[in-house]
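*Asks:* Below, each chain spelled out in residue letters.
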Amino acid sequence: MADKLLEVQNLRTQFFTRGGVVKAVEDVSFYLDESETLGVVGESGCGKSVTALSVMRLIDRPGKIVGGRILFRGEDVLEMDEEELYELRGGKIAMIFQDPTTSLNPVFTVGNQISEAIKVHLKLDDRAARNRTIEMMERVRIPDARRRYTQYPHEFSGGMRQRVMIAMALSCNPQLLVADEPTTALDVTIQAQVLDLMKALSEEFKTATMLITHDLGVVAGMAQRIVVMYAGRVIEEAPTRALFATPAHPYTQALLSAVPRSSVPRGTRLTAIPGQPPNLVNLPAGCSFAPRCPKVQPRCRVERPELETVGPNQRAACFYPY
Amino acid sequence: MAAEMMGTVPPGLDAGESLVQLRGLKVYFPVRGGLLGTVVGSVKAVDGVDLDVRRGETLGLVGESGCGKSTLGRAVLQLIKPTAGSVFFEGADLTKLSPGAMRRRRVDMQMIFQDPFSSLDQRFTLGRVIQEPLDNFGRGNQKEKDERVRYLLQVVGLSPNWVNRYPHEFSGGQRQRIGVARALALNPKFIVADEPTSALDVSIQAQVLNLLKDLQGEFGLTYLFISHNLGAIRHLSDRIAVMYLGHISELGDADDVYAHPQHPYTIALLSASPEPDPELERTRKRIILTGDVPSPVNPPSGCPFNPRCWKAQAICREVYPPLEQKRPGHYASCHFPGP
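Chains as they are written, first to last, in my numbering: chain U, 137 to 458; chain L, 674 to 1012.
Next up, chain L with everything else stripped away, as it sits in the complex (with noise of 0.2 angstroms):
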């Protein structure tokens, strides 16, 4: 099976060093429609992806809201199944496993959401919420479960002695960090942050991605990293991929995304996001992008940026671009790459 498999892992991608593969990964959602409710079309949330993520990397996925990135994150971890295709996790496709088998796998792998207050029960106390998942897992007894409970919170920079606090007592910052304890409970391999920062304040923002690159050092953990945040994004990363209308549209390491981006939605994406330099913003030439993000239900022919993209020509409309690889290690999905 692996044999098969390797056929289909995109060039310069070394499956032995991969944790999580995706291979053809596909979501989509039903759209009813009229007196019946019957299915009239879909929603093609993630349409075709490979993608893998290397043991103990930060692999960021960068994209606009629509465009899939938390549906990918959501369907890496089996949270949503996928309509098809194969994810792999240490070699294993999670896919076909048991659910009891999956529900043993979840031990390595988890997340941290955007919003920690919706993600923390209110009812529960700070002890009890980090301490659930060694409950799930029957890990130790309750000696040892309160002295797990009291490393994590020193772990991610909170008191101890606040374990029989409620989590309404504490400021976003810290519920965010209370859901990256409550993440780490298990010491997990994987970790998919979804949108971690977004609904933080900078001065938070930057504590809670000082705190992730810190962990990550600590406990050899591997990121996928979701956000529409460049800047977060680049920060973390040790690679980047673009996504658009459920497609990777570019790939690569992070510095060469920036520096040479070769994909035009990529290049009109950074050119987009304001920086917090004056003279920057005086000088530089922004790409500003006609039109919306077309509907993933029904979706362009050809490439899926072509009706936004400047450079467009009659293939662009016809034939979708494979992602290929155009610099060192830097792939892009596109007939016209670069500059």
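Next comes chain U alone, as it looks inside the complex (with noise of 0.2 angstroms):
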């Protein structure tokens, strides 16, 4: 069998905090074919960021990756030393964030900035390296990009620096893109053009594609599977379709009905999940989602479901799904 574009075993990720051990990420197990958008899904703490940082092994003191193998094209990206991370980072896996504010330099022009990367990882001469940039400029649908190029991140609008990113990450034809919650910040007609902008090159690039979410409305439309993630694990994976329509775990089940939208009669009661997510320091006994689960039975709170097949290609950590 020919090796996944990105194969994630039993990752495991904590932090050593004053307050105790943060277990982030708990025994993470996840895929991405080539080509392919992998949508990651869960709320504020559920371990997807983390989950993508330790992909790119971006995580700092008093983090730690504790265990697992992450399997980029069958090599360890764990295994790798500097100059092989050097090579990963930006080159074959890119990373767009959130806030493009945060990730540009102020104190250098747009242009500089993507050029730089092209120099470092496609070898390139500054005129050629300048060539590819404004091509790049012009690919992400940046007006006037050769006048642009000379810019400051601060004459950009939140949606253009977000496409400045996008510039950046691919234009070193990465096979993998990482892009966590790239439109989160954004407006909702601005995220439009994002993501039909992101749709579009990821097809032409035939970049493989990590989005990761808090948004199910996004996901829907850019994913073709998709992870949920609770309290660090992952509690479903399915084909987004089946997800959407036949979602097996209680967890996907309530965020799916929490989320107002169209088909709802205006008014309705949205079926809230009551209380709040654990506390990663002390997780509870059994399955995590136990204490807010309105299917929850005796055997949830004492032993721990494991990720089992419930569909076709749909796996989900629970011991009455559906």
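No wet-lab data here; the hints were simulated from the structure. A couple of the hints might just be wrong.
From the structure, some residues in chain U lie toward chain L, with a derived Cβ separation under 10 angstroms [as the list claims (entries may be wrong)]:
(1) Glu179
(2) Asp323
(3) Asp332
(4) Val354
(5) Thr376
(6) Leu391
(7) Val395
(8) Arg428
A virtual CB, placed ideally from N, CA and C, is assigned to each residue, including glycine.
The two chains are supplied separately, each in an independent frame; assemble them into the complex guided by the hints.
*Replies:* As structure tokens, then:
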């Protein structure tokens, strides 16, 4: 069998804080195929961003990857030395974040920052890098790219800055794009522009995308498959259509019915999930969702359900799925 | 005075049933520049708004960042002094009240903010946070105030035993409940809720939306609900006003605005909002607007939406389209409304 593009096996990432060990990511496994878009969804603190940062090995103290394997085309990222990581980050795997303002250096021109990455990873000279930069800025539909090459980040609007980040990310032909809440800070009409662009470019460049978001609407339109995380673990994994049509895990079901949407008549009560996510320092025994689950049984409070196949390509970590 | 004002009431709006009436409301912020810091222009955050909030309704005010919706909300409560125009509350023009009279009026109107954490004093216990409005207006003795605080905590779904805890001990959703309890302390008639659920996770957002809905029925509240989240706005609102660059571009019953949007901006906004439904997402036709929202310092002439509008004609660049009734109870400010 051919290697997957990315295969994460039993990943565990923890933060050693004064308040105790925060088990941010516990035993997380998932994969990505070539040129596939995988949605990773969950609420704040579920571990989705830490999972993404772990894939790039961008976890700093007090955090530490304490277990598991991250295979990128069969090579374990956790075994790589600094030089290999340098090749990997920004080259084979690129990342875009929620807030492009904090990822861009305010004292360098936008063109300068994009071409820097190109020079490093594609080993081009100044002139070729400049041409490639302008070409990429045009590809992400930044109007008047030649002039805007010499402008600074503050001269760009939020949507335009995110385009700069996408241009930078795709400039070195990465095989995987990790996008962490790429449109969360943007207005809805600008979000539509950026998502439209990301979709077109990932098809054109054949880049696989790991799209991390809290917005079920965004993944519904973008992802082929979806992984749902809760309290540091994957609790469901399914093709997009199956996840929305027949969610197996009670948390996924609850999440879907908590979103106000146009098919639900106005004024009906939303199905809120009672309580709040558990403290990651002191997780409950058994299933982490048990304290909030409407279908909870005694067994759920003592034993942890493993991720098991419940339907075609659909897996859920629940003793009583559907 | 009232009769004179009636003349400017938009057609179809009966002043009698309105709790709040905005007439020609403008809020400009000066832009200073140059060495001497002279005023070189102004940000027209709210640029001539006529709007009524009916007693007992939820009016949803939706728009993107910088459209002026939060400034409008603050100007209604006189937290920002309007540059021009009037804000009538139960018939009295708040912009003309003396500071003392305005202070007495404040009892009836409260605000809920987006970030409950920054709107709570970190050094105050939960009990003191909620009691503060009662102290400010000298309501009751300590025993009565304690009772009121415990009652309010119960109403918003928090334990009355938590009065001695501090804000940092609570989660985002709980903090928003604290903000709601505080807003309810003086039994207001009118609440401006500015993005009250935007900082919250989906599952917690649903809790807070349900709570706001329940409280409205229980306390007979009128809401001005400000949000960029079309799903939340639709869920809670009876009527919806869409705002773009300081102007109301569309106003109508919530269901009618969603089913039959008249203004091209509303059409684009609704089509851009992602829905958690893969089938719908796959088949829907999405209108992708080009460009960004223009600067409110130098807004385009005519219709403010014309540079991004796919229907724009010469007239749109010259003449501002007044807010007119296009369907029963449904207004739009557009020369070429409808699909």
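*Asks:* Next step is simple, just say for each hint if it's right about the structure.
*Replies:* Comparing the hints with the structure gives:
1. Glu179: Cβ of glutamate 179(U) sits 4 angstroms from chain L, so the hint holds.
2. Asp323: holds, 4 angstroms
3. Asp332: This hint holds: aspartate 332(U) lies near chain L, its Cβ roughly 5 angstroms from the closest one there, short of 10 angstroms.
4. Val354: At 5 angstroms from the nearest chain L Cβ, valine 354(U) passes the 10 angstroms test, so the hint holds.
5. Thr376: holds, 5 angstroms
6. Leu391: Because about 6 angstroms separates leucine 391(U) from the closest Cβ in chain L, which is inside the 10 angstroms limit, the hint holds.
7. Val395: Nearest chain L Cβ about 5 angstroms off; hint holds.
8. Arg428: holds, 8 angstroms
Hint compliance for this structure: every hint is met.
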